[in-house]
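Protein chains in written order, with the working numbering: chain P, 1 to 101; chain Y, 1 to 247.
One thing to keep in mind: the hints can contain errors.
Said to hold, decoys possible - Covered stretches of chain P (in silico footprint by chain Y; criterion: 3 or more residues with CB under 8 Å from a CB of chain Y, positions within the stretch not fixed): (1) 17–25; (2) 40–53; (3) 56–70.
As the list claims (entries may be wrong) - Far from chain P, by Cβ distances over 10 Å, these chain Y residues were calculated: (4) H110; (5) I128; (6) G133; (7) G151.
Hints are computed from structural coordinates only; laboratory data are not their basis.
These figures come from a predicted structure and were not determined experimentally.
Using N, Cα and C, we set each Cβ at its ideal position, and we do this for glycine too.
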Amino acid sequence: MSIPGSWYLILAAVLFTIGALGLLVRRNVLVMFMCIELMLNAANLTFVTFARMLHDIGGQAVVFFVLVVAAAEVVVGLGIVVAIFRRRTSATADDLHILKG
Amino acid sequence: MNPSQVNVIGMDLVAAVHKTGPDIATFVVSAIIIIAGAIGVVFSRNPVHAALSLVMTLFGVAVLFIEQQADFLAAVQIIVYAGAIVVLFLFVIMFLGVDRRENIAAEPLHWQRPLALVLMAAALAGVIALGVGSHWATGQQAVAGSTTAGGHSNVYLLGKSVFTTYLYAFEATAALLVIAVVGAVVLARRPSLPSVEPETDARGAAVSGQPGPDGGLHDAAPRGSAAQDASPADVRAGQSLVKEAGR
Chain P
1 MSIPGSWYLI LAAVLFTIGA LGLLVRRNVL VMFMCIELML NAANLTFVTF
51 ARMLHDIGGQ AVVFFVLVVA AAEVVVGLGI VVAIFRRRTS ATADDLHILK
101 G
Chain Y
1 MNPSQVNVIG MDLVAAVHKT GPDIATFVVS AIIIIAGAIG VVFSRNPVHA
51 ALSLVMTLFG VAVLFIEQQA DFLAAVQIIV YAGAIVVLFL FVIMFLGVDR
101 RENIAAEPLH WQRPLALVLM AAALAGVIAL GVGSHWATGQ QAVAGSTTAG
151 GHSNVYLLGK SVFTTYLYAF EATAALLVIA VVGAVVLARR PSLPSVEPET
201 DARGAAVSGQ PGPDGGLHDA APRGSAAQDA SPADVRAGQS LVKEAGR
């Protein structure tokens, strides 16, 4: 309780940055998904911190919904990855230019 | 310091001034775990190691949730993230057999990594500068209800908020989950029926109307398999779509 909220916010910013960096530099689709999870967790940590700083339970409720959306996103995303793997045996984002105009 | 003392003195003042040893130790250890796990996700060559590093980060975030009195969310974080999502990741990694090392050093765009590093450093500096400039958290307090109202527990208050203030959002998430499940089943279903002959397409109405060779096979097939429960017309349409996409 006695840690200032700014520490948590800086930590969440660093975590979000690492996740975004991984999303930019990695080519493996599964690892890119994990980096998206890192960014979602950074946002969740920020929401909980603001809920504590402003004494507002709404921040925690938002985190609850973010968890639900993250679960749905992972299920559909991994379904897409499995469907792609049926056709081509690599997990590299560079190979997925089938929608290119 | 004990919690009652915190309540008496006033939370903001104590939060700003006092820093007790166990809290700082918890925060520092959790922060190290979180950052180390995140770096492990980004820089590990093996996707399985990346998934396990992700578990480490999620546990660290859960500890910080508990540190900030979000007990229910910490439990959900462990159960949903570490128990379901990461297991799903690992299942897909091993199901697809991509748990081999990849060469991270190979990079087709040589300017991409320096550019990404510079952009992310700029974004981090910008976010922290904005936070410092705006005193981190401003605005009205306890708009959707206090986190400590009436001395109730966190689970009580969060449940009351979700089932009253955010009831419509909660019901929308139910619809979202159903749609996600249906979408996952549709995406992951194996298009396993044999390819349909062109002349069968020409008399497709007759085939679906009376039991032809296809229909007889379809009726004799054991029930319960998703691929065989689909009607022949649906499967034919899906296969032609797949063929179109392959060209």
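Structure-based check of all given hints:
1. 17–25: holds (count 8)
2. 40–53: holds (count 9)
3. 56–70: holds (count 12)
4. H110: 12 Å, holds
5. I128: 6 Å, violated
6. G133: Consistent with the label, Y/G133 stays out of reach of chain P, its closest Cβ about 12 Å off (over 10 Å).
7. G151: Holds, since 14 Å exceeds 10 Å.
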